[in-house]
Amino acid sequence: MQHLIDIMDMTVEEVDQLILKAEDIIANPAAYAEKCRGKKLATLFFEPSTRTRLSFEAAMYELGGHVLGFADANSSSATKGETVADTIRVVGCYADIIAMRHPKEGAPLVATQVANVPIINAGDGGHNHPTQTLTDLLTIHREKGTYEGLTIGFCGDLKFGRTVHSLLQAMCRYPNTKFVLIAPDELKIPGYLRDKLDKLNIPYTETPDLESAMPELDVLYMTRVQQERFFNEADYVRLKDTYILTPEKLSKAKSDMIILHPLPRVNEIPRAIDDDPRACYFKQVLNGKYARMALIMKLLGIS
Amino acid sequence: MIVTPITDGIVIDHITCGKAMELYKILNLDELDCTIAILRNVQSQKLGRKDIIKIDRVLDLNYDVISCIDPGITVNIIKDGKLLKRKHLELPERIEGIFKCKNPRCITSVEHELPQVFKLTDRETRVYSCEYCETPVKKK
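Here the protein sequences come in this chain order: P and Z. When we follow the working numbering, the leftmost residue of the first sequence carries the number 1, and every step to the right adds one. When we follow the working numbering, the leftmost residue of the second sequence carries the number 304, and every step to the right adds one.
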């Protein structure tokens with residue numbers, strides 16, 4: 001049985017096939033409307049996340065399947081002290097596939113150790129968020145037409161931003177990728193990722209300055225400085241306004257650069273940017289549904 | 304100082320200077336009722352100085368633990384006063400129950416009955432990472 005816990009669990013070929021499947025769903029949605037008829041997806045959200053949960057649910061409905069689950073830990077047995085393993089064993093009796101989000105890192109891996117149905121990690125703490133990465137990859141593929149030779153700038157919270165960690169690792173596998181890591185000292189990428197880049201000989205630069213990095217970027221991946229990742233509110237308040245993408249900064253960018261953001265945004269991308277043709281973050285949301293449709297089918301063994 | 308040879312037992316040799324007591328504790332050697340000699344700061348051609356532990360009994364040791372603590376160690380099994388076997392240890396790919404994940408966001412921080420499992424993620428720099436959250440533990 002196949003699960004998706006970490007984007008690196010999938011080979012490049014598997015990712016590429018899945019992206020092509022998502023492209024085909026976008027081109028021929030009617031052909032997929034009954035693919036999951038009679039199947040049930042359980043969305044277990046031990047930590048609230050409206051958009052990811054709705055994206056999974058919309059994906060399953062568009063495949064003709066059904067959805068059950070809970071939207072926060074307070075409405076689950078976790079409040080009674082039930083372990084992740086027990087919850088998964090129970091839900092596995094009702095559903096054909098499970099998408100779970102959990103505030104604790106590694107919880108989805110624990111789920112796979114006892115599950116009798118495929119598990120999809122819909123985000124575990126600051127660790128992994130592979131379906132967001134599939135969303136990002138599909139958007140890059142649709143907007144840039146290739147994964148090769150791209151210079152990708154990650155901006156904002158690169159320390160706790162799990163979407164950054166997952167996309168960075170996924171893009172390391174394509175030829176001639178370059179990274180520009182734009183963050184203050186407090187929010188730089190974790191050491192293990194820097195070690196990985198060094199080991200793979202992937203070129204990257206680290207800078208605190210978004211504006212000077214802008215001209216060389218093909219993709220700008222903006223992130224929110226997330227309050228829930230900080231133990232200390234003073235640190236959050238000090239850093240939350242550090243990186244804001246203003247029209248002035250954007251004027252230095254290439255005309256075909258694309259701006260991605262996993263959303264929700266706070267103030268790091270002003271509304272004034274939304275109408276710029278380079279703004280792709282709402283296209284990303286739609287792509288997320290298609291990427292998840294392709295993934296659900298793959299894990300259920302439906303072609 | 305003279306420590307007499309052992310007839311049947313184990314000599315843990317080439318221990319990095321100062322690590323003998325750590326090994327003694329983690330291998331629970333204090334629970335044995337046989338004679339144990341802990342030699343510290345012994346002169347060594349290979350290491351300059353080293354520690355040695357001699358155990359006057361043949362017993363099963365957790366080699367994963369030993370190699371994690373100090374991978375340069377050699378373990379000599381002595382039988383009838385002769386060297387029966389010499390083991391050069393290698394870092395194990397996977398270890399359980401030796402380290403504890405220190406990441407407060409790790410699932411093991413709330414589900415205490417989960418085994419503490421670590422995987423070797425970089426043999427060269429001896430880095431183990433938590434199987435669940437991938438937080439590394441670097442051995443000194």
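FYI, nobody ran anything at the bench for these hints, they're computed from the structure. As the structure is a prediction and not an experimental result, all values here were calculated from the model. Hints are not guaranteed to be accurate.
[Unchecked claim] Here are the simulated lysine to aspartate or glutamate pairs, EDC-like style, with alpha carbons at most 20 Å apart: (1) K199/P / D425/Z; (2) K80/P / E416/Z; (3) K196/P / E427/Z; (4) K196/P / D9/P.
[Unchecked claim] Taking CB as the label site, the calculated pair distances span: (5) E334/Z / N176/P: 17 to 25 Å; (6) E427/Z / E248/P: 55 to 63 Å; (7) T377/Z / N176/P: 41 to 49 Å; (8) K328/Z / D185/P: 54 to 62 Å; (9) V114/P / D359/Z: 41 to 49 Å; (10) T377/Z / V114/P: 39 to 47 Å; (11) D425/Z / V266/P: 47 to 55 Å; (12) V114/P / L423/Z: 20 to 28 Å; (13) S303/P / L387/Z: 38 to 46 Å.
Note that beta-carbon positions come from the ideal geometry of N, C-alpha and C, so glycine has one too.
Okay, the hints, checked on the actual structure:
| no. | hint | in the structure |
| --- | --- | --- |
| 1 | K199/P / D425/Z | 10 Å, holds |
| 2 | K80/P / E416/Z | 16 Å, holds |
| 3 | K196/P / E427/Z | 13 Å, holds |
| 4 | K196/P / D9/P | 16 Å, holds |
| 5 | E334/Z / N176/P: 17 to 25 Å | 58 Å, violated |
| 6 | E427/Z / E248/P: 55 to 63 Å | 46 Å, violated |
| 7 | T377/Z / N176/P: 41 to 49 Å | 47 Å, holds |
| 8 | K328/Z / D185/P: 54 to 62 Å | 38 Å, violated |
| 9 | V114/P / D359/Z: 41 to 49 Å | 45 Å, holds |
| 10 | T377/Z / V114/P: 39 to 47 Å | 41 Å, holds |
| 11 | D425/Z / V266/P: 47 to 55 Å | 36 Å, violated |
| 12 | V114/P / L423/Z: 20 to 28 Å | 25 Å, holds |
| 13 | S303/P / L387/Z: 38 to 46 Å | 59 Å, violated |
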